[in-house]
Amino acid sequence: MTVELTRRDFLQGCVAGSGALLVAACGGGSSGGSAATSGSSVALPANSHLAPPDLPWTDHNIPLAYLKLPAPFRATSGTPGAGGPLSEVTWFSDLFSAPPPPAPGNRYWADLNRRLGVTVTPVWAASDPSSFQQKFAALLASGDLPDLVLFGGTVGTTTAAAQVQAVQQGAFTDLTPHLTGSALDDYPNLALIAPKIWQNARINGRTYGVPRGRTVPGTSLLLRFDWAQKVGVPIAQITSSDAFREALVDFGSRDPDGNGRPDTWGIPDVEFTYSYFAEMFGAPNGWRLNRDGSLTKDIETPEYRDAIAFAQTLFKQGGFHPDAATQTQANHYSLFEGGRVGAYLDALYASGQTRPFLAQLGFKDAIRHLLPPPGPGRKAVTFNAAGYNGMVMIPSKVGKDSAKVRQLLKILDYFASPFGSEEYTFLNYGIEGVHFTRSANGNPARSAQGTTDIGDLFRLLTPPNVNYAAGSQYFSDAEQEAWTRLVDQAYHDHFKIGVDDPTVGYVSASSLRRGPTLNQLVVDSVKALVSGRTPMSGFDQFVQTWRSQGGDQVRKELQQAIHQHR
Amino acid sequence: MAVRVRPIWMERPSIPTQALKTVILLAIVGVMVLPFVYILAVSVASARDVLAGGLILWPAHPTTVAYESILRGGIVVRALAVSVGITVTGTAIAMVLTTTMAYGLTRIRDVPGSRLALFLVLGTLLFSAGIIPNFLLVKSLHLLNTYGALILPGAISAFNLVVVRQFFLAIPQDLLDSARIDGANDVQILWRVVLPLSKAVLAVVALFYAVGIWNDFFNALLYLNDASMWPVQLVLRQYVLQGTPLGDIQTNPLLGQPPPPQSFQMAIVVLGTLPILVVYPFLQRYFTRGVLTGAIKG
Amino acid sequence: MYALLLPGVLFVVVFRYVPLLGNVIAFQDYSPYLGFADSAWVGLQNFADLFTTPDVGTALVNTLVISGLQLVLYFPAPIALALLLNSLMSESIKRAVQSVVYLPHFIGWVIVVSIWQQVLGGDGLVNQVLRTSGLHTVNVMANPDFFKPLMVLQDVWKEVGWGTIIFLAALTAIDLSLYESAAIDGAGPWRRLRHVSLPGIRGVVVLLLILRLGSILTVGFEQILLQEPNVGAQAGQVLDTFVYFNGVVAGDWGLSAAVGLVKGAVGTMLVVGANWAVKRLGEEGVF
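Chains as they are written, first to last, in numbering that gives the first Met the number 0: chain A, 0 to 565; chain B, 0 to 297; chain C, 0 to 286.
Please note: incorrect hints may appear among the correct ones.
As the list claims (entries may be wrong) - Computed far set for chain A versus chain C, every beta-carbon distance over 12 Å: (1) SER141; (2) GLN164; (3) GLN228; (4) SER401; (5) VAL522; (6) ASP523; (7) SER524; (8) PRO534; (9) GLN563.
Said to hold, decoys possible - In silico lysine to any residue, SDA-like type, Cα no more than 20 Å apart, as pairs: (10) A:LYS399 to A:GLY537; (11) B:LYS20 to C:PRO53; (12) A:LYS396 to C:GLY34; (13) A:LYS315 to A:THR179; (14) A:LYS396 to C:SER98; (15) B:LYS198 to C:ASP37; (16) B:LYS20 to C:ASP37; (17) A:LYS396 to A:GLY169.
Because the hints were derived from the structure by calculation, they are not lab data. The beta carbon of each residue, even a glycine, is placed where N, CA and C say it ideally should be.
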């Protein structure tokens, strides 16, 4: 049988003979230990193991929600690396922690080797993009790539070119035959990764890597609910862009923290928040794919123009923090946490980082997610993220031997064990008693030894995020449940009006060459327009510059790529 | 209090001049030192202090949690040892190569071919290869994943070499001639006459090399795959990232809250700078006056 | 002499000149995977592309302006400070000041920018004071027109102390009896400065100036990369950040190499020219 099934096919209907387990939608039965709960309508392969979520799971692209720690279960069987040709597996990945000490002294690493059945040896690159790309290029040029290589970032118009070029020139194995259709059944944990994520992780239609899943619903705005009450624009009333602007300006002028000093503002920065304004006015997510196959860039749409005009007015009225033009990504959260700004945009899955702050403010009603309030005559949308950050590839020298490919994929499958499984607990927390201890309600907490020994060894490939808040030291059980439900509702609400960027997963020669400069041009121009340095009359000039400096060329090539490889 | 005796010929500066000098110096020192006080203060600040905002000059609730968290596990301590080792060795090798070659280039008119050698060195100031060719060279010399990769490629800095040469050229010719008359060859002249008179510049250039090796992290990142060999600046850099608020890093819902990122960053600056601050005073006495006084008269 | 020269020459040839051969990729459409042997040859295409890329003109102009400002402000500052320190009588004050002024050299640019932001930024110390006193705030960190002087000022702050080291060492080499004879001839402190101190360090100053000219197109990378987003590419792009975006991130290694060669050619011309000029004026050149 040579029909190539994509992951989409499973979800669209009853596909016979593929071993798929269909629940609810097709009236199939459930098998114990798998994902069936009432209210779930997501199809998963028969051999996948997943802890039943506590809240209804209606779409594979939305994270699972748990109100309590699930009972442990095994997500893999046997030793993934055993019996394969490789006895040592090297990998190239980014490092966000201090490097963990080496194996004999490091019990976590030693146990990891035992569980996988191979010795793992990471080759670290620092996590800043520049060092990462340069080290990759050097390794590639020397012909000495490790067995597994991380592709940094996502595939699209923001990708750094070196790795994509290497893929296109044949440096990496095409994994499509191994990871689509019934072949994916061999890797039950990889099959749990949402279909949109797999789709977005392709390079011009082919799968070259296993994605590190995050979530498909993208960013969300957290607003100081208590401040909104204080300045007289309660959140329930923020249903339009004008009301929103009023609230933000009031954050600056009406002293919501009551300390008598003019030290509070609305929005912390321009660069990392203006996508929210674009959402408010219904602009496309990066690009819009028109029915005739042509692409329109967001800046070319009247919706985007309105969004920038809104931001400009907001700036003039004092709704932005005075350092908005110079804010760094690392710092803009501390402004929110420090009580200097009343709104903050970040990935939905990162909402959890606010918990200590919430505890300080008193949990109830202090912070809320705010869906983008629509502009006049516009329909608000949210921008779906690509859903992953990084994917793990196999160099073609290694991939020539398909036994090695299968062994490596089985190892990756182990890393992708889902939340609540025994493997997940080991990977993230290590050995009980040595690296972590359990609190009263069973939640693991890492010890100092744990952080040292584990480092980033578990991060090569991580399963997609889940929505779980219980066990945090900051809240009572009731508050935690309320918080999880809140976030779950936010996920559903955001996904309902979510739009995708149609160019994710596609690259072209000029999107790689001109991409970085064009992106920089957009950010610079937006900042100049919003801060008023350039008047709105300069907007058309900006679009024109973008088009002539390579934008039209990128558009043409991407249209072709999408058309060819869909 | 070491005050030089004022020589007879030097006038007392007038009060306004002294006052002006004092004001300028105080201003300069203030502008340089205050940031360091700030850095030290933030490095011992707790989360509460940081959230309170404003410019901290000394935190209300000091805590050493940032330092503890960095020094725990022995990784930083080992990395410090590594850094000290490669800095000492690297500086020694660099100084030997640099001083010999610098002296060798002091007589470009007499020694055939040495003018070409000088151009060769100057050329490296103007042109450089990218990281890929350097990586390939290090690999082909089997220096990958060895400390040699951190010490050897930078062992002669053209800038330092030219500076040393400049100072060597300023040594009075009669001193060299008299040594030559006494039958010394070039190596002996270098060792017995030139070097003892050049303590100031040798101290300076040794300091330049040492600081250069100490601060480098990129070469270590590129050439050392084994993380247990990493020098301290590279390891410390990772702590900065570890302490950074989670942008994209997967939010593990059950991890504890790390100390505030700002105190992490500042503790790192302090730890990374401390050794040099300790060494510098010892080298400073070489920058004193009167190295050549008496040599000419003698 | 050859015994002294040979190890150094060997070293320089192996560790510097062999990798320089890698600059051949300036004439190729180089890809790390295909390597030198299999990447296509494109002759001077990379250079042509370089000169026709839209933002290269801005980058070049910004680079030259900053370089010029550095020559005027940043170059003389350590000399002035060294002379000031040298005139102090008290050895211990001199040592104390010396040990303090070089501290900023050791702080990485990320922290330096963060500190400047906290003092001079829109919500920084200075502006907080201005705001509570009801005065108009001024944001120097986000002002495109002030960007280039700001870069140079930051550089001066960070490096002036470290830069004095080499001039102080040069000043110690001046024979004290020269000062004595000048004083006997009736020269006051300023004249002694002009006629003994300055000529005494002239050699080092000229040397450093010529070397500076050789790297005139290099004005700092990390410092600018961190702050260019504050003011936009128009005001902030320099040659090195241009190469970063168009070369490293865009994977155009040939372009990076081409820029390196152009920089080297320009630097060589300036060094040779300056050396010749200096010799014409009666000084010892570098070579």
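> Which hints, by number, does the structure contradict?
Replying inline: 1, 2, 5, 6, 7, 10, 11, 13, 14, 15, 16
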